[in-house]
Amino acid sequence: MRRHPRRGEAGHEVSVASVPSVKGAEVGRRIGVGLMYGLWKPRVLGAWKVPATGPVIFAVNHSHNIDGPMVIGVAPRPSHFLVKKEAFVGPLDPFMTRIGQIKVDRDTTDRTAITRALGVLENGGILGIFPEGTRGEGDFAALRAGLSYFAVRSGAPIVPVAVLGSTERRGRLIKALPPLRSRVDVVFGDPFEAGDGSGLRTRKALDEATVRIQKQLTAHLENARHLTGR
1 MRRHPRRGEA GHEVSVASVP SVKGAEVGRR IGVGLMYGLW KPRVLGAWKV
51 PATGPVIFAV NHSHNIDGPM VIGVAPRPSH FLVKKEAFVG PLDPFMTRIG
101 QIKVDRDTTD RTAITRALGV LENGGILGIF PEGTRGEGDF AALRAGLSYF
151 AVRSGAPIVP VAVLGSTERR GRLIKALPPL RSRVDVVFGD PFEAGDGSGL
201 RTRKALDEAT VRIQKQLTAH LENARHLTGR
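So the sequence shown is residues 1 to 230, counted in UniProt numbering.
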């Protein structure tokens, strides 16, 4: 079996078989296009800012369950999101795995998920992360360390993504979802590097990277709200 030259966080080499499928993620993107544009009215701004090739990390604010599928559907390239294991239930488990999404246990250091996520970036793919860790206000007020680790470890640029409008109103038919055919805005920002150029992955370096990331994400969110009027 061919193996990547770099090693996974668990101390084992990242096997080709363990890396989520790019073809599967493309299938997921196409399904997302049909669902998101069929059920709502996405308005996408700045998609041209996403690098056409090479590893990229999407840092997405998270206030509603549709935020991830929305970004998957409107992004110009297929993406692999780190998704809490609780979402992989019943038939969704094999489906989400087939479309290239990564199951992660948030209650522990999930080395399998870390290895697969690094494999996505090593293969030049897009890794999607909700840096707040869970649904909340979606304002990037509290970031977990995972985003800075993946950004510094891989050297991949971060593209901030703001999803706005998914929580403004409840639908009449399905109250857990935004109203059908309502507008949801997705704003992609300018790519930026999280590291300081030293390549260090010490706790101090990661903490400093987290501070830089939070400033960039907060500024992008403010700009997105200004652009969309939300």
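I should point out that these hints are in silico values taken from the structure, not numbers from a laboratory. In this text, all values refer to a predicted model and were calculated from it rather than measured experimentally. For each residue, glycine too, the CB sits at the ideal point set by N, CA and C. Certain hints may be false.
Claimed, not checked - Here are the computed lysine-lysine pairs in the DSS-like style, where the Cα-Cα straight-line distance is at most 27 Å:
#1 Lys23 <-> Lys84
#2 Lys204 <-> Lys215
#3 Lys23 <-> Lys103
#4 Lys215 <-> Lys84
#5 Lys103 <-> Lys85
#6 Lys215 <-> Lys49
What the hints assert, rightly or not - Label pairs and their calculated CB-CB ranges:
#7 Pro51 <-> Leu227: 19 to 25 Å
#8 Ala47 <-> Leu200: 28 to 34 Å
#9 Lys215 <-> Arg43: 23 to 29 Å
#10 Gly124 <-> Gly229: 31 to 37 Å
#11 Thr112 <-> Pro91: 18 to 24 Å
#12 Gly199 <-> Pro179: 44 to 50 Å
#13 Arg203 <-> Lys41: 22 to 28 Å
#14 Ser18 <-> Gly54: 19 to 25 Å
Checklist entry - Among the hints numbered above, which are violated by the structure, and what are their numbers in rising order? => result When the structure is compared with the hints, only number 13 turns out to be violated.
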